[in-house]
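Chemist: Read off the chains here:
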Amino acid sequence: MEIARPLDIINQSKGKLVIVEMKNGRSYKGKLLAWDAHPNIVLEEVTEIETNTKYPWIFLRGDNVSCVKPVE
Amino acid sequence: MEIARPLDIINQSKGKLVIVEMKNGRSYKGKLLAWDAHPNIVLEEVTEIETNTKYPWIFLRGDNVSCVKPVE
Amino acid sequence: MEIARPLDIINQSKGKLVIVEMKNGRSYKGKLLAWDAHPNIVLEEVTEIETNTKYPWIFLRGDNVSCVKPVE
Amino acid sequence: MEIARPLDIINQSKGKLVIVEMKNGRSYKGKLLAWDAHPNIVLEEVTEIETNTKYPWIFLRGDNVSCVKPVE
Amino acid sequence: MEIARPLDIINQSKGKLVIVEMKNGRSYKGKLLAWDAHPNIVLEEVTEIETNTKYPWIFLRGDNVSCVKPVE
Amino acid sequence: MEIARPLDIINQSKGKLVIVEMKNGRSYKGKLLAWDAHPNIVLEEVTEIETNTKYPWIFLRGDNVSCVKPVE
Amino acid sequence: MEIARPLDIINQSKGKLVIVEMKNGRSYKGKLLAWDAHPNIVLEEVTEIETNTKYPWIFLRGDNVSCVKPVE
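Residue numbers (the working numbering), protein chains in the order written: chain A, 1 to 72; chain B, 1 to 72; chain C, 1 to 72; chain D, 1 to 72; chain E, 1 to 72; chain F, 1 to 72; chain G, 1 to 72.
Bear in mind the hints are in silico, worked out from the structure with no lab data behind them. Just to be clear, a hint being listed does not mean it is correct.
Now the in silico label distances, taken between C-beta atoms and shown as ranges [unchecked claim]: (1) E/Met1 to B/Leu17: 56 to 62 angstroms; (2) C/Arg5 to D/Pro56: 33 to 39 angstroms; (3) A/Glu2 to D/Thr51: 54 to 60 angstroms; (4) C/Gly62 to A/Thr53: 28 to 34 angstroms; (5) E/Glu50 to A/Lys14: 37 to 43 angstroms; (6) D/Pro56 to G/Val71: 31 to 37 angstroms; (7) E/Arg5 to D/Thr51: 39 to 45 angstroms; (8) E/Ala37 to A/Lys16: 38 to 44 angstroms; (9) F/Gln12 to C/Ser27: 37 to 43 angstroms; (10) B/Asn24 to E/Glu50: 21 to 27 angstroms.
None of these values were measured; they are calculated from a predicted model. Idealized CB from N, CA, C, for every residue including glycine.
The following block holds chain A by itself, in its conformation from the complex:
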């Protein structure tokens, strides 16, 4: 894998399943729909992992994001 900047890995994940972990301990699994440089992130077809609650979408505020990782 070769990327120039960290956000490139997010760019390459558009439409794929990812898990976003928040600083407050919550984790969300969903299809990566949109993001920006903070990165504020929008997932669709979302599952809140701890509670298994489903949402059509979620907006995650970038400054509360801790990490993003792929779902295999």
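Could you slot chains B, C, D, E, F and G onto chain A? The hints should help.
Modeler: Okay, now just chains B, C, D, E, F and G, sitting in the frame of chain A:
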């Protein structure tokens, strides 16, 4: 669904029911009335979810917002 | 209700009773006297809700504000 | 009372007794000597309220300030 | 060892195994793939140390990073 | 006492004994050697108050400083 | 000792043994290799004090640094 930037999902939710979760653990359900880039958010016909308290409106400071999600 | 930006709801509340909740869990009820874009907020005829202590005024630092809501 | 901006209430309190509450839970009572826009605050003839310790002055860093209120 | 600025040590570690510790206590071991000035960091062939979970990559938000150290 | 801005009280304390309290609860007593606008602070002939440990100097990062007060 | 600005004490410590305490309570002892204005800090020949773990180097993110002090 197709959006260009994360805040577009908020823009498309004007007047719809959403839940806003704050970093301090509080959650508010209400009709999305106004927002900005932080995003500071104003909901109307609000219910504080944990206590079931009702308010005609609430101003939520953007830097304490963790996520926004739709009510189905 | 129709407002363009979130702070408009604060602008429309000048002189009215509001409750300001701080990130550290304290809540203050009082008449909205002044505010700015952060929003730093000054209330007058204030009651600290948890302790029922009264103050003629209080200056609340904006970055510790979590939400503002009306008193009905 | 009529003020234009929140910091005006601090400006009008120069030389008067105020209580400053910090985000970390400490509270200081003293005569308001100096402040700036953050607001960093210097009190003189100070009492740390929880411990009743006295100091000739104290410099309080603005980003740890939660609120300022008058002593009657 | 001689470096001019702190990030140079990160620059010299491209493609090597490092451990990144986050402020929230999580630690990730992996090959350093990309970083920027914050430093946002992308690792590949990642192990979350506490849980021994494996990921092909992880994006770590810079403002939650506490330290980076080599794996020997 | 008359000062124009909060940092003037720090300026007037050069070479004098002060106590610096940090947001994480640690306190340091020492001679005020240098400071800047944050205020990052360097003390010399330092005692960490809780443990009574002595250091020839300490650099204290400004954004973790909560308050500065004189030692009488 | 005479220094003009707080970071000068760090400048004078290049190649010397220092202890860096982080806001999250971890402490690292090592030879000061590089730093910048935040201060992000790189130590070499490092010992994590609580666990006595050794590393050839560590990159410490400046905004998690609480203080720097010399090892005598």
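Chemist: Any hints from earlier that this structure breaks? Give me their numbers in increasing order, please.
Modeler: 2, 5, 8
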